[in-house]
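Student: Single-letter residue listing:
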Amino acid sequence: MSIIGWLQISLLFIAVLIVIKPLGLYMARVFSGERNVFSPVLGPVERGLYLAAGVDPNKEQGWLAYAMSMLAFSLAGFVSLYAILRLQAYLPMNPQGFAGMPSDLAFNTAVSFVTNTNWQNYGGETTLSHFSQMAGLTVHNFVSAATGIAMALAVTRAFARSNASTVGNFWVDLTRSTLYVLLPIAVVMALAMVWTGLPQTFHADLTATTLEGAKQTISLGPVASQEAIKQLGTNGGGFFNVNAAHPFENPTALSNYLNIFAMLSISAALVYTFGQMVGNRRQGWAFIAVTGILLISGVAVVYWAEAQGNPILTTLGLDAAQGNMEGKEVRFGQAMTALYAAVTTGLSDGGVNGMHGSLTGIGGLVPMFLMQLGEVLPGGVGSGLYGMVVFAILAVFVAGLMVGRTPELLGKKIESREMKYAMFAVLILPVTILGFAAVSAMLPFAVASIGTAGPHGLSEILYAFTSAAGNNGSAFGGLTGNTPWYNTTLGLAMLLGRFAYAVPVMAIAGSIAVKTRVPASKGTFPTDTPLFVGLLVGIILILGGLQFFPALALGPIVEHFSMLAGQTF
Amino acid sequence: MSSKPVAPSLLDPAILLPAVKAAFVKLDPRQLVRNPVIFVTEVVAAVVTGLFVRDLMTGTGSPLFSGQIAAWLWFTVLFATFAEAVAEGRGKAQADSLRRTKSELTARKLVSAEGRETQTIPATSLKVGDVVLVEAGELIPGDGDVVEGVASVNESAITGESAPVIRESGGDRSAVTGGTQVLSDWIKVRIGVAPGNTFVDRMIALIEGAQRQKTPNEIALSILLSGLTLIFLVAVVTLWGLAGYSGTLLSVTVLSALLVTLIPTTIGGLLSAIGIAGMDRLVRFNVIATSGRAVEAAGDVDTLLLDKTGTITFGNRMAADFMPVPGVTEAELADAALLASLADETPEGRSIAALATGEFGRQAPAVSLPASGKGEVVALAVGGGTSPAGATRIDAVIPFAAETRLSGVDFGGRRLRKGAVDSILKFTGIRDENVPNEFRRAVDQVARTGGTPLAVADGPRLLGVIHLKDVVKPGIKERFAALRAMGIRTVMVTGDNPVTAAAIASEAGVDDFLAEATPEDKLAYIRKEQHGGRLIAMCGDGTNDAPALAQADVGVAMQTGTQAAREAANMVDLDSSPTKLIEIVEIGKQLLMTRGSLTTFSIANDVAKYFAIIPALFITTYPALAALNVMNLGSPQSAILSAVIFNALIIVALIPLALKGVKYRPVGAAALLRRNLLVYGLGGILLPFAGIKLVDLAVNALNLV
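As they're listed, the protein sequences go chains A and B. For what it's worth, the numbering used here labels the leading residue of the first sequence as 1, then goes sequentially. For what it's worth, the numbering used here labels the leading residue of the second sequence as 570, then goes sequentially.
If you are wondering where the hints come from, they were derived from the structure by calculation, not from laboratory data. Think of the CB as a built atom: it goes at the ideal place given N, C-alpha and C, for glycine as much as any other residue. Errors might be hidden in some of the hints.
Stated by the list, open to error - Short, incomplete list of chain A residues facing chain B, as computed with Cβ under 7 angstroms:
1. Arg161
2. Ile218
3. Ala399
4. Met423
5. Leu434
6. Phe525
Stated by the list, open to error - Pair ranges (Cβ atoms, derived):
7. B/Glu1047 to A/Val514: 36 to 42 angstroms
8. A/Pro484 to B/Thr1189: 32 to 38 angstroms
9. A/Ser39 to B/Ala971: 58 to 64 angstroms
To be verified - A few chain A positions that, by computed beta-carbon distances, are all more than 12 angstroms from chain B:
10. Ala192
11. Lys412
12. Phe436
13. Phe549
Chain A extracted, bound-state conformation (with noise of 0.2 angstroms):
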């Protein structure tokens, strides 16, 4: 580790520090409904879309109906975008004339995009048309990212709000987080990254001669336009298979500071939105220093043991002050690839910019245990928020009653419906992963496509299942998921980590709502303190920690400690 590494890390922070607070009170204007800067251009946009639509934005939703139109878009964006991805042979702006995607694999990616996971069994560059790549895919990172904003703020409102019988209008929610908040911001990060060096271009690929006198096919595209909307919206899914670690889609230092600004700063910045329309900023505050604490902690352990190095490779003549550098880009170094690691993973982005299967036993342990504690770090745009709320339920509820009351969280009491939904909530994710991979460890034909032997492999198939229920989309490499089984499973994984998760989440928030919110007093259990920060962090980590130690004891836990013991496999 070096004090330069910790500087560029440090300043990431700060950048993201400084934009939360303007870009959360301006966010929680939109949602309210105010007027804003865009409102003179965008407004009568916005208006004409409800006048299509047939959608009165002045009508309420209660949680069911809220749920349901949820519900019903995705499964309408899920349905045309595996029609775009069965039928490109078809449709137009497919210069290099790519077939249609076979159907296991539509069907994967077209989940994955709907769920905002974009996991990745396609090669972008070689799989999939301008077409498919624009109207399908970054329309999903668009609308995905939004329908996760439109249910964190059905959550935020059920707080906000004491004895109300709606959460908001998802029509007017998922218009106004597309129009005020994504698009605006996708254009300017679009042109400053074109600036750092990305293509945006619709020409097909440029064909060059190498020095050997090889022909060379140098895939080109709308990147940029893409790539910023993928950070933004912490979806994660790369025009390039290789995704950040491309040239083309970070090609420097300064694309890579882009890149994790982009992804982190809505995230964030949604959780003061939070603070500021429950009333108490300070809560906001608090979410984001337990976001804070854990995401630096992920990034100093993956930078430490990458700095280390791997005493094997050292006995055999390697220098050690290098550390790993197996699977980073020299451009972007140890302290660059730690902190897009652990950001990637904490939030449900899944963009990378190096090879996690490549990390160190406990570097790579560090993105897998960051998505299985539920990706709330601060979590995907909206399900990161709605995920921390879950945890401070769970918090509230363990420890509230120590003061002598029963557990209320920002003036709302916790009672058995709310307890139901969480259980259901939180147990989706050690179902679906333990689950998968299980079953997968398990199939001969499923363990067939893993890329290495040992405990790895099994950290390959579980980081996939991992990946795919929180939503995430970073693949840790070497399996290869291009296959029936795991094209169906972890499309199923994402749905389950999506909406099995969101429904009862819905629920939670129509339940909220309806309760009278009660005035604090001295005897009321702090939310919004530094105890309650070190509370929220030990309950993430240790219910995170209980449900997964045992599966990354037999993968990346094991490789740690075999590696250090000079055992290979």
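Here the structure of chain A is known, so what remains is to put chain B in place on it, guided by the hints.
Tutor: Relative to chain A, chain B alone:
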């Protein structure tokens, strides 16, 4: 108030021996299914027992190991059922003695309400509405109201307080309880509650925990615990598959051991014991709650509605002075006040009569009013001692009522009234601007000193002011400060005018007051606070209080109160001490704290168990995992067995804490949380490391594996 109650010793063999027996009876799966965590443990124990038998029969595996695991799993279940049995056992003795008094009861039912002719029937065949006669030395056969007579009653069978109390018809001291003994005189009691549903019956059911239902918070907590159990079930079952990848075949015995040590057996096993112990604690404070829900609500209370009289100030306000307006003599005023108080059975009314006949030397009129005095025509000797005016016919007696807030008497064309100043002014019809200055001054002077002015009028003529005095109890201010530190507001409720109320409120240090409060005002105040999301506790004794008691989240009725108040409330204070509300809140908080602390402890414990069991499971496949064996446990088998033994023993070790409860300190939520997180959270993580290590040393020393 009773002295600090003493809990029965934890090691009392009279409780422990029956509890051991009960612990086995409770193993019945049909009963145990109500407790999901322990039920799962029982199922797992049965499975491992089956494996042990198989190992024994076939000679394969390690019967010594699986047998010990099975035994300790059964102990885990037994310790949990034992904890519940001990908690229940502590109330049994009291319930038995109550049941004895009940079984001996007979009733002397009156043939007609007016006469004294009776027939003797068993108390169990009494019906609501029957009137019974109870004379000195007899036991009252059922709950009801005194309709005639006055008697001193020994209620020690219920309250434990040996000093007799007075029960009389009318007013707020008319309720009597079945099973209590009349010591002197006689009373006629109208039975108000059907046998089988009386106070003693309810008390027995409560103490024995027979009607115990899960409280809302217990249900929510059970959901959390069941959810955690499911999560660990998933983690353990899938571990079999994940281990299969690396060629490790895990036995069902070790997976069962892992599952039981991970699921929250500690809190699961102690949860119902904590609830029963909380009720038991209330009983020992001489408070009977009708449901566990009320005890839980007590911990959540935001606002205490306290009657000024008896709670904040000493008992009753006493008349201290007569202050006539110019043109009226003291004697004239005293006479009028005396007569107007004839039908006023409140202590204030009696104190006015006492002052007039005592210090002011007026002669009490010779009169006997029947209880239903209103409208009766009675002869009355009116006047001072020197000039008896002869017998006069009373036209009407107006008893004191909370709505009108005045009482009086009409005779010979005179309409004497005394009561709250505004009520009297309204009665006289004197317009505000015409009220004599001297009268105003007297009222203000009384009110400013914290006293209560009562006005006296004769028809449209104002006669003067009666000064009622009030004394704030010593030490009450400190208690309110402690409540404030707990985040609880105190609101004083009084019928006094705002000026008087403010004077006393500031002296007593309450947060707010409700002056000139009618029962409707009280009810409205409670509703308003509840609408704002606050939980309200109040205590009361009169029939007037019943609606408010029913509306409040925690309503505590005095044992001395009326039957209506006792029915409406969800707790009854046998000591009839209004300050008991404060202890009730503390008991409620203690109950919730104990639950939370043990839940936190239980979950925190799991960390160490992983470090014990995971390396033990995979040591042959991955020797490198020995690095996780931070406790340096003897062998894989001893590590697993030690974790299971520790997991079982910790339940027994925590029974005393579950029964006694975590200590509550009125220091505010943040400080409490910090302390409990440190003790039960951090302590819960660290303690098992030491505990499992110690058990492992013992297991290896004894060569158990």
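Student: I'd like to know which numbered hints this structure contradicts. Please list them from smallest to largest.
Tutor: Hints 1, 2, 11, 12 and 13 contradicted; others consistent.
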